[in-house]
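Engineer: Respectively, the protein sequence lines represent chains A and B.
In terms of this note's numbering, the first sequence is residues 1 to 467.
In terms of this note's numbering, the second sequence is residues 1 to 92.
Quick caveat, the hints were computed from the structure, so don't treat them as lab data.
Since no wrong hints were added, every one of them can be taken at face value.
To give a feel for the contact side, a few chain A residues facing chain B, derived at Cβ under 8 angstroms: (1) Arg30; (2) Gly36; (3) Arg84; (4) Leu94; (5) Leu247; (6) Asp248.
Keep in mind that this is a model prediction, so the values were computed, not measured.
Ideal Cβ placement from N, Cα and C applies to all residues, glycine included.
Listed below, chain by chain, are the residues.
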Amino acid sequence: MHLIGELSAVLATALFIFALYWMNDPKTARRGVIAGVTGMTVAVLETWIQPEIVHHGWIVAAIAAGFLVGVPLSQVPLTAVPQRTALSHAFGGLAAGLVGTAEYFLWLGENSAQLTPFRMSALVIEVILGFLTFTGSLMAAGKLQEVKWIPQRPVTYPGQNLVNLAVLGLAVGLGVALVLHPHAAWGGQAFIAIGALALVFGVLLIIPIGGADMPTVISILNAYAGLAAVAMGFVLNSKLLVTAGALDGSSGLILSIIMCRAMNRSFTNVLFGAFGKAQPAALKGEQKEWKQETVEGAAQLLEQARNVVIIPGYGMAVAQAQHKVRELYDALTKRGVIVKFAIHPVAGRMPGHMNVLLAEANIPYSALVEMDEINPEMPQTDVALVIGANDVVNPAARYNKGTPIYGMPIIDADKAKTVLAVKRSKNPGFAGIDNELYVGDNTWMLFGDAKAVLGDLVKQFGSGGIH
Amino acid sequence: MTDFGSMLFVFVLATFIGLGVIRRVSRLLYTPLMSLTNAISAIAVVGSIVVTGADYPRGIRILGAIALFASMTNIVSGFLITDRMLKMFKKQ
Chain A
1 MHLIGELSAV
11 LATALFIFAL
21 YWMNDPKTAR
31 RGVIAGVTGM
41 TVAVLETWIQ
51 PEIVHHGWIV
61 AAIAAGFLVG
71 VPLSQVPLTA
81 VPQRTALSHA
91 FGGLAAGLVG
101 TAEYFLWLGE
111 NSAQLTPFRM
121 SALVIEVILG
131 FLTFTGSLMA
141 AGKLQEVKWI
151 PQRPVTYPGQ
161 NLVNLAVLGL
171 AVGLGVALVL
181 HPHAAWGGQA
191 FIAIGALALV
201 FGVLLIIPIG
211 GADMPTVISI
221 LNAYAGLAAV
231 AMGFVLNSKL
241 LVTAGALDGS
251 SGLILSIIMC
261 RAMNRSFTNV
271 LFGAFGKAQP
281 AALKGEQKEW
291 KQETVEGAAQ
301 LLEQARNVVI
311 IPGYGMAVAQ
321 AQHKVRELYD
331 ALTKRGVIVK
341 FAIHPVAGRM
351 PGHMNVLLAE
361 ANIPYSALVE
371 MDEINPEMPQ
381 TDVALVIGAN
391 DVVNPAARYN
401 KGTPIYGMPI
411 IDADKAKTVL
421 AVKRSKNPGF
431 AGIDNELYVG
441 DNTWMLFGDA
451 KAVLGDLVKQ
461 FGSGGIH
Chain B
1 MTDFGSMLFV
11 FVLATFIGLG
21 VIRRVSRLLY
31 TPLMSLTNAI
41 SAIAVVGSIV
51 VTGADYPRGI
61 RILGAIALFA
71 SMTNIVSGFL
81 ITDRMLKMFK
91 KQ
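Generate coordinates for the entire structure from the input sequences, incorporating the hints supplied.
Structural biologist: Okay, structure coming up:
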């Protein structure tokens, strides 16, 4: 009996690793989902048939409820995928925190010899990570969904980091005390206090973080959710849980590192740096003027180009302009223009977000090019078309030490022979910084809603663009 | 203590495998990757099933049932949305 359990755990683990392995290519990626589902089904069934499971009604009810909520959650529009992802990190954290709490009180009540120092440490880590991931991710999801009572802009106050550290320190301190005295009379209260402090800490951790940092924050929360699952594996002595949690955790870690690099910032800077504050109006030396272009003129520029690089940002997604972008792509490609899309790693609101939005509009993924690959081509590019992107094309990142985006690698839109920029308004972007690309000598602005502007552009090409 | 040793061993090895495999994941697929790993880490469901279904006090089982619901939501929505996104990636 035990052998079957071990074997099915090994099988599930192998399937999970294959699932991730197949994600190395869009051609094989869907196989990964099948492998993942199979592994999960094996693990669930094997656990369910254990003789110790005697109450089946509640299990059926909870699973049914999971389907009831899970299916609609999987149908959200792709612009809302970052919120859904944050919400799922919250659920993962919650599950870890609750199971940890349940196990603790179970052992405390029935068999306190089980509370070895090792197990107690794992429980404390599980509950702290689980609950802070729960509230932190809820806050992140709220910010992404632009829920009214959660402030979008970073909330900062003097001594903020000190307060945060104190709350976390108190939770860890209580945890250490519990590990040293697992059978103390105050154990239960201390455990509840640890959970409550972790819940508070999750909120405090996220309120000073601004919208531009969301891709990094989501990745870090992903890593936390994975580590919470690992801690749960240590508590339950389950190698399967430890492995799956470690896979999730390392994925979150790698994505966090990539996101941080793409913004030239460190983990500590993201978490404790309070990015996104309005910039002091320091470097306002010369005020250059925008040059506006008409849709007709822009269409002519595009038509005469040999190659065009489109640089999309979240503004494109907000305007739901990706389908119009696709029509423009079709119209230009039909006329022999080579069109590529330059994707900045932090474009959009979570890692890879822009790729998914463009894929939804049926733009072939072979046309999506990463920043590092497209930048050497930019000087030979006839037209760079910037759609709703801002900070990721701001040349100030290269030399202006006064801006919060200094040092961030950017897409070299300014090096193209001509730049066309579609922009909703004359306000600065997420980070609140003026963008000198827009007033460059070779830049022409198209003001207006991205969807409307692109629609007008496509019309210039006649019916050729629409199939 | 041997428990701890072998678990730590598994954790370290799994992390190395994870880092190696994830590093090779296509940059196009980071969003579906996140929803997929999220669904996979909802393997926490096995812990919740035990806590919910074993002959434990009612209060404990309620915590388990909520955790089971949360994990199951992640499994269902995670795998479904991953597949939905992956379907959209076409070469031409």
